[in-house]
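Novice: Next come the chains, spelled out residue by residue.
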Amino acid sequence: MTSLAGIPYNTLVVAAGVAAVGFAAGVIGSLGVLRKRALAGDAAAHATLVGVAAAFLVTGRRDLPVLLLGALVAAVASLGVLVLIRRFTRTRDDAATAIVLGVSFGLGITLLSGITARGIPGGGGLEQFLLGHTAALTAADAGLLAAVSAAAVLLVWLGLKEAVLVAFDPDFAAALGWPVTVIDYALVALVAVMVVVGLPAAGAVLVTALVVIPPVAARQWTDRAGTMLLLAGLIGLVSAVAGVAASAVVPRLATGPTIVLMAAAIFALSLLLAPGRRRGA
Amino acid sequence: MERVTRTSGPGSDSGPALEFHDVTVAYGRRPVLWNIDLVIEAPGLFGIIGPNGAGKSTLLKAALGLVPLAGGSVRFFGRPLDEVRRRIGYVPQRETVDWDFPVSVMDVVLMGTYARLGWFRRPGSGERALANACLDRVGLADVADRQIGRLSGGQQQRVFLARALAQQADLYFLDEPLAGVDARSQEQIFRVLAELRAAGKLVVVVHHDLRTAAEWFDAVALVDMRLVAAGPTAAVLTPENLRRTYAGPLDVLDELGRAIEQGRRTP
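Protein chains in written order, with the numbering used here: chain A, 1 to 281; chain B, 282 to 548.
To be clear, the hints were calculated from the coordinates, so they are not data collected in a lab.
Take the hints with a grain of salt, since some may be wrong.
Said to hold, decoys possible - Computed from the model, here is a short list of chain B residues facing chain A with C-beta under 7 angstroms:
1) P373
2) R397
3) G399
Said to hold, decoys possible - Below, computed lysine to aspartate or glutamate pairings styled on EDC-like, alpha-carbon distance capped at 16 angstroms:
4) K161/A with E408/B
5) K36/A with E408/B
6) K36/A with D379/B
7) K36/A with E127/A
8) K161/A with D184/A
9) K161/A with D94/A
10) K36/A with D141/A
Quick caveat, the model's predicted, so the values are computed rather than measured.
Here a beta-carbon is modelled for each residue, glycine too, at the ideal position from N, C-alpha and C.
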């Protein structure tokens, strides 16, 4: 195996891939936070475990693309259930989110422990999706994560004008004749995609933090949406790299907690140091 | 049908600037507006007046397609909404947006140019020049780069007005543009609205203050879930019509009494 300054080549590639995920999560998370959809992402994140476990049970394989596809289906399904609860019952938004989050997470944990308990071949290590673990990722995995992240950022760059107007003033956007609901669903779908590609690095429990903390930290430094997206991306990138580096140095250390702690430290510093002590986004 | 007759609208339009035909709107199963029939011609400053919960804002939102019609239809210049959206400017209520949002005054005014820009295209120097001119008209050119939360309520309302001006519309809807607005901003807003009328536009304003209504509007509609009366302001704001519109608590009636006195003195 080749290496650079003592760091294995594979670790570098994985770090680059996860860095791209961190950047994209910050960018897309900013739009989610500005549209006040942070909690929906959390429900989707916790639901991904069901998808990971189900994908493994159905296909009997544990290739990353297969598992993440399962996670995406589960994330989107959970958001669909959320929409249905909101539309057809009188349950309030926060309660509906908590229900979907709790139930899907419980189901996911049950499936995972069942797989472990029965000792299904190849099932070991799936619990890494709980808190994130990048050491086992291959260069091909990292390439997939980076490619999806790049595509997501490109989409946001294209539709930035539309996304910001809908987040700021949906009534005005609707009066212009824009399909506000479609744009909203597209945004939530993008958040779901980011939660899924953030899964290997941050895990189902903590991946929301990667989508929420960098935007709120970035908001402290700027009053412009475009700048906020870029800054949030950079904060997410730094946090993600810190997580990969820490788990490369400390064996068996999960990446998710380090990523979140790094992002939280930047958030705390931003609160203390940013000029004007601006309120939350 | 109540008809407010003015000089006929500009150009080749096949109908009045704004026409509600038997419009009924319901939230869930509860109707909030019943059988509204109203025809408004351009140019003019038209007030929609009524008590809280009378459905005034809902009437605007129904016209703009923001809430569905349970019955009836709305036509603009003789055409359905989808054919004329770019000719309609809109000023929503100030409280409907988060003023802590990270956008500058200029960013918000540029949003008025988005409909003409089309999908994915960004505003350029032409749009910026237009936005600057609109800011100048409402007296806010010197705060263009400020974050919108750092403005007073009156200034925020004028930012929204500047955004509507940037839409370069023929028909403007304003929802409570004077709520929580200082006297200077109020004066400035009405001056701009009068300029729009002079340029041949129709300006429809949801409004709650009867004193300023009598002073500024050419014509008004009194609304309390139904259309109580509509026509030239002096003819409509009669004690009898106001009693029928505001069948509310006593203190409201007292205030109305004073307002009516003032309205009588205004020709």
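Novice: So which of those numbered hints doesn't the model satisfy?
Specialist: Hints 2, 3, 5, 7, 9, 10 contradicted; others consistent.
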